[in-house]
Structures are given as structure tokens and as C-alpha cells.
Amino acid sequence: MKPDDRIGMKHGAGGRAMRSLIEEVFLGLASPVDGIGLAALDDGAAIRVGDRWLILTTDSHVVHPIFFPGGDIGRLAVSGTVNDLAMMGATEPLGLTCAVILEEGFPRDELIRIRDSMRDASREADAPIVTGDTKVMGHGEVDGIVINTAGVGLCDRVVTDAGLRPGDRILITGTVGDHGMAVMVKRHALGIEGNLRSDVAPLNGLIRAALAAGGDDVVAMKDPTRGGLASVLHEMAGKAGVGVLLDERAVPVNPEVRAAGDLLGIDPLVVANEGKAVIGVRPGAVDRVLAALRGHPLGRRAALVGTAIGDRPGQVILDTGLGKRLLAEPDGEPLPRIC
Amino acid sequence: MCLGVPGRILSISEDGMSAQVDFFGVRKELRLDIIDTPVQVGDYVLNHVGFAIRRIPPEEVGETLALFDQILKAAAHDDLMAEDVRGEMAAGRSSPGGEPGA
Amino acid sequence: MPDLVDELKFRDPVRARALSEALAREVDAAGRTITLMHVCGSHEQAIARFGLRATFPRRLDIIMGPGCPVCVTDTPEVDEAVALALQGATVCTYGDMLRLPGTRRSLADAQGEGAKVEVVYGVSQAVDLARSRPGEQVVFFASGFETTAVATAAVLLSGVPENFSVLSAHKYVPAAMDLVSTLPETNVEGFIAAGHAAIITGWGIFEPFAARTRTPVVVAGFEPLDVLAAVLELVRLVRAGRPEVVNCYPRCVSREGNRPAQEKLWKVFDVVGGNWRGIAAVPRGNLELRPEWDSVNARRRFTIDTAAVGGASHNLLAEHCICGRIMSGLAKPSDCTLFGGECRPESPVGACMVSSEGSCKIWHVYGGPPDLSEVA
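Protein chains in written order, with this note's numbering: chain A, 1 to 339; chain U, 340 to 441; chain G, 442 to 817.
If you're looking for bench data, these hints aren't it; they were derived computationally from the structure. A quick note: this is a predicted structure, and the numbers were derived from the prediction, not measured. For each residue, glycine too, the CB sits at the ideal point set by N, CA and C. One or more hints might be untrue.
Unchecked claim - Here are the simulated lysine-lysine pairs, BS3-like style, with alpha carbons at most 27 Å apart:
1. A/Lys10 with G/Lys557
2. A/Lys10 with A/Lys186
3. A/Lys10 with A/Lys239
4. A/Lys186 with G/Lys557
Said to hold, decoys possible - With beta-carbon atoms standing in for the labels, derived distance ranges:
5. A/Arg6 with G/Pro724: 53 to 61 Å
6. G/Arg725 with A/Pro283: 58 to 66 Å
7. G/Ser775 with A/His64: 39 to 47 Å
8. G/Ala652 with A/Gly241: 54 to 62 Å
9. U/Ser352 with G/Asp711: 29 to 37 Å
10. U/Glu402 with A/Gly167: 56 to 64 Å
11. A/Asn195 with G/Gly555: 32 to 40 Å
12. U/Glu402 with G/Glu733: 52 to 60 Å
13. A/Pro65 with G/Gly555: 40 to 48 Å
For reference, chain A alone in the conformation it holds in the complex (with noise of 0.2 Å):
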């Protein structure tokens, strides 16, 4: 057998290889649904309940480490899931399940910091977990702790994430690449000291503030997780069949975070997020919906990062202030380089 007919860590980094891994693979599991299926590889699934939307999302979490500064992999366990909902415009879940898979041997008394935070967040959130299943597995089978969780809502309007056109503008709700930088430099024991801590949050309150403001005008929406803000802006283009002009400057980011990503050789843009959102607004809309932003405490920096263009679809060009160039897809887990 051929390395490449194995299943590597790139299946799984958000960028490339995990997309063409679901193409080849899980879309064969993909039939016929009155709204949005499998097939669009959405962040949720969009079942036409009545005159209303159901909104159903899934999603499994790993994080080594399991604890890092700014949270824990119970808060993105359940930040994770409200935030899928909400990217497709359910702000208000109706109810989380969660699944732990446990490694023979794990702590008690982490699983029990786990479950407060994971407490913690459905409240912030107000989704409350209604159901759950617990399995254990052999020392060495599973490493340490895997949580599955997954979450319904009601709403009224789907916002996806194929619905820019050109002239629309792009939002982004926050500073980017604090979650990444945070686990990154505590995995790899990197020895890099200071103020980087993740932005695990759960967005619903923001998102209903945002769609409260922009109404229709709000047309796309999702959540810059694995692979960042370059990912995202790239799916985003190519399902819409649109180019998109982002400007670096505009891209709020903490100064801890470009200062780590200097020393590491990794770009911002490049670097999972949490707790941020990117929205495509009509471009009537911008101010609105930014003010709305900027009034709740998770979106005080929110920004006007890019516009969506006519040419160029699929293809993002980030314009530096010195110069234009194409921003790559990121592929795999970024990676500090000495090069």
C-alpha cells in the first residue's frame, strides 16, 4: 500500500486534502434533501421543516493540549457547534448533544474540568445539552479524549456559504489567528512567552445582532476555523463562483500573534480561529451590520477586510499595500519553518 492510499494528518487540517478527501469519499454518502444536504459541504445541513428551517450540525473535537490558554476542548467542543448553527443562521439552538469517547486511564478530575467549561459555554450560549453518550477505549486506542457534539436550531432565513456576488463586501468579526497561535506554540513546546490565548467563544449572541442589522443583506457567513481566514475566503470564492480582494491591512491581528508568527514563519492569515466569523454583506449593508458588530463585546474589532470581484473566481488576491499577490489555499497544519 502507497502512503498516499492512507488516510494523513493533511485529510484532517481544514485546507486542500481534507476537501478533495470528502469529495472522493464522504459525498458518496450525499442524496436528495428539500434544502441544503451533504452535497453543498456546508457548516450544517438545512432541513425545510413547515415554513421554518432546521438547522442540524456535527462535529468532533481534538486538541492537543487539551487545556490552553483561552480555554479547553470542552468550550470548543460546544463553541463549535453553536457557531456551525449560527454561521448558518440558527443564533438560538434548541439543544446540543454531546458524545465523549475516553483513552482507559484519562483523569477524572480533567474530565471534570471538562465538563464545567463545557457547562460554562451552553450557558453562555443558552444551548442547552440535552442528550449524550459516553464510550471508553484501550490505552493507546484513542489519545486522551474525543468529543462528538452536535446541535439543532430553528430559523426563518439560511444564510450559506455560497452567496457572495460581485461587489459584496467581507467582514471579518475579529482579530485573527489567536486560537492556532495559542495551541501551536503550547503543542510544540515552542518556548515563546506572552499574551497568546485562543478565542474559543460561542458567536450566536454576535450573529443574531449582525443579522438583526443587516436582514437579507447579510449573504454569507462562515466561521474561519482549520486552515484560517485564507481557507475560508477561498471555499467561499470558489462556491460562489467569485473572486475575492482582501486587504492585509484592514485584517485585525493581535500584536502577540504577528509578533509569534514572525519568529515562526507562519502567516496570520493561515491560522485557526475560534471565535471569529467572516460575513458577506450587500455592500448597502457595511456600515449597519459593522456597528452591530462593534457593539457586542466579541466583535469590537470587527473590520471591513475585502470585496468580492467578478474576476478571478475561486481565486483570492490579497493586496499587501506594497503590492498584489494570489493567496495560496494553506495544506496541512502551518508549521514553524526556519526557511
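Knowing the structure of chain A, use the given hints to seat chains U and G on it.
What follows is chains U and G alone, placed relative to chain A:
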């Protein structure tokens, strides 16, 4: 080839072998056994893979900018001369053809 | 925010525009295409990251030479690291090296099969790891040019635990320029030399090269203004026919370089010939541990069974790879029979498909040479 980032020394270990260095908001310990000049707290150094490889004298930052401006000025001077030559060529006082073809 | 080494000074868009405009005038006045080469992956990174390529005049061709020590690390060297990892050693390496393909596997693939592979920020971190795991053999798969090799040397000179060894894939910068300049058909008229390697070796090392090849060399830093000023200066030298070495990175590079670092480097390493991925046998291309360091040389300490990981004495595909010609500016990616077929970003044959900024990778991702001139 080599990623190098400047930072500022916050403190030096007692044995003088390493330093805590601030990189615009994050800190990292760097080894000092490659650098060729004595360093002290407040100095700027260039980091490569966890080693300080060079002390950056502050005055040379200004000198670098002065050098760039000098290159610019020299280029502008060349350009003015080229304008003159073009002007002369246009006036038919000089024959073209000195420049090798592409 | 420190104000003295405020790197933003070297990103000032106003100065950058002035330099770009001067460059355009200079190239225009030349009335022909001028071809320059940089031999430093970080210069390509800087040119790409700041979008400088789109600002260069059309008749200025800046070729990315064989200047990425990771990309030119050859398949058999990766096979050695993979074999050691699969034989049970803990292999530590820089993040760039993890996905570099061997004959059948990269280190990332070996990791997926259960081998112990650790990404480290620096060689010191690998030594710390060896100290904390006395029962394991820790092998540092070392890559990088002189600048990085000095760090490896310093660590060995200061003493390492018994279970630590080095598998050197270090490369030597002057070899890259020699390689290109000896190609009979080369049209490279000037070189942008690697600023950080020159911190160690000093810019004086390029003087014999410039004199011998009658080619100007400019040593450049990595901020946008550094690159623009260096390119402008190099074009001026080319037009004036002056084969000189000019140091455009004086805040970091001196003529004589870092002498104590050079002493450390040559106490530990020797320059030897070696194969560079997709290029050729490069005389004086590699840095190998000197014989007196055999005890910490993984190649001497272990029997490395590369045949077990599919390593062949030579790579059949590599015979068709034209990276050497692409990096020398003599061919385009589309001229290569492997391009897009056997050689793809997920299974690269040559160095130009490995590097994120390599010409082949960029052409493959964007379906040809990127041209942003018409984007609003």
C-alpha cells in the same frame, strides 16, 4: 533562506549564555554562544532558530535607510542623465545604438 | 513598541513606491530584459508575502534560484530520516522538513504510521528532548544553510547527551551560486545574495565569485525596502557593467562576517559534494559532520536501512526532473514532462514543487504564471 527576526534583550542569564528577548510582544530565550559582540540589556539582536546571530547597532538602522535614499538618489541621477541622452537623441545630435539589444 | 528597530521603517509604502518607480525607470532605460537571480528562499518569501513581484517591471525577470535548503534536500536524505524513525529513533526536525517527500514516505507519513517524529523550533529544543528521554535515541535531522548549521555546531560544541545525534542535511550557500554561474547557457546577470547567511560568512565571501564570473552581487535583507533597494542597486550595477559586491544589508552584514561563528562551523562541519533534489550533483553543496564528530553522526552511529523504506540507489523520476533548468531560468514548469502528472504538490518530485513559493507549485495551483496586472 533563513528566517531572522529582530528583538530586544530584556535580561541576560547569570552565566551569560542566554538572554530573554522581547519580539514586539512575545518573549523567547535565545542562546548567546554564536553572537560575536558583547551584548547588554536593551540591545537589539537578530534571532535565528533560537540563537542570537547578530547584534544590530541602532545607528546602523539609520544608516541602512540613508543607504536606500542614496541608491534612490543615484538612480534618479542616472535617470536625469538618461533623459539628457534621450533629449539629445530626439534632437538628432547623437546617434542611437550604444545599448546592446535585448 | 520599540522604535529603534521598528521594522515598519523598512515597510514604508512611500519609500517603497519611490524605489519601485526608480526601478521601473532604470529597467526601461536599459531597453531590454534584465535577468537577476536570488538564491534565498526567504527572499522569495519576502517578494511573495509583500506582493512585490506584481510591482516589478515587465522586463525585469527575477528568478528564484536553488536557494531553499529544505527544498533541495534530496529524497535519499529524507529516506535516511524516515528509516531511522521507523527503526525506533525519535527524529526531531524543523517544521519545513516534515512533509518533504522521501521515496515512499515523508516524515509526516512515518509519524502517521506510529514513528516518533517531533517538530522543534531549534536544535537546542531537540537536545532538551534527548535529556528528558534518556531511554530513547534522539536524532536531529538538521537542515538549513550555514546560518542554521552554526546553531547545530554550537550545540555540539557545548556538549550533548549520549543519546543525541545529528543527521546532517545542511547545505552550503556559495555552492548554489557557483552551480548557476557554471551553466553555459545561463542568462543571469546579477545575484541577490542571502543576507542571513552573509551575517555568518561576511559579504567578502562573494568577492572572488563576482570577480571570477564577472557578475555583480548584492547582499540583501528581507524587508520590502531591503529587497527593492537591493534589486534597484543590482540593476544599476548590471547596466553599468560593474561586477562588484554591494552590501545593501549593512545593519546586519559586515565584510568579514561573524568570525567566532565561522570557527565553530568549521570545527564541526566539512564541505562535501552531494545531490540536490531535482538539480544535480553539486560539488561543495553539502555540510557533513567532520570525522572527529563520528560519535554524534547518526550516519556513523546507526546502520540506516533505507532499502527498507523503498529507497533506491537513484530515483527514476528525478532523471526527468528539470528543476535545475527552471531554477536557472532556462525552462518553464510547463516544459517539464513530469509537471502536473507524476509531479504534483501532494507528491512532488523536484524542489520547485516542494517549496510553497516554488515556480512549479505556484503554476500548478494557479494554472500558470500568476499575472495580477489587470486586477483592479
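Here's how the hints hold up against the structure:
Distance check on the hinted pair: lysine 10 of chain A and lysine 557 of chain G sit about 17 Å apart at the alpha-carbon level, within 27 Å; holds. Our distance criterion of 27 Å between C-alpha atoms is met by lysine 10 of chain A and lysine 186 of chain A, whose separation comes to about 20 Å. Distance check on the hinted pair: lysine 10 of chain A and lysine 239 of chain A sit about 22 Å apart at the alpha-carbon level, within 27 Å; holds. Of the supplied pair hints, the one linking lysine 186 of chain A and lysine 557 of chain G holds, its CA atoms being roughly 18 Å apart against a limit of 27 Å.
Between arginine 6 of chain A and proline 724 of chain G the beta carbon distance is about 39 Å. The supplied range of 53 to 61 Å is therefore violated. For the pair arginine 725 of chain G and proline 283 of chain A, the beta carbons lie near 59 Å from each other, so the given range of 58 to 66 Å is met. For serine 775 of chain G and histidine 64 of chain A, the Cβ-Cβ distance of about 42 Å falls inside the hinted range of 39 to 47 Å, so the restraint holds. Taking 54 to 62 Å as the suggested C-beta distance range, the pair alanine 652 of chain G and glycine 241 of chain A conforms, at roughly 56 Å.
In this structure the supplied range 29 to 37 Å holds for serine 352 of chain U paired with aspartate 711 of chain G, their Cβ-Cβ distance being about 32 Å. For glutamate 402 of chain U and glycine 167 of chain A, the Cβ-Cβ distance of about 48 Å falls outside the hinted range of 56 to 64 Å, so the restraint is violated. Restraint check, asparagine 195 of chain A to glycine 555 of chain G: a C-beta distance of roughly 36 Å satisfies the suggested window 32 to 40 Å. The hinted range of 52 to 60 Å is not satisfied by glutamate 402 of chain U and glutamate 733 of chain G, whose Cβ atoms lie roughly 41 Å apart.
Checked against the given bound of 40 to 48 Å, the beta carbons of proline 65 of chain A and glycine 555 of chain G, roughly 21 Å apart, lie outside it.
The structure fails hints 5, 10, 12 and 13 (numbered hints given earlier, in ascending order).
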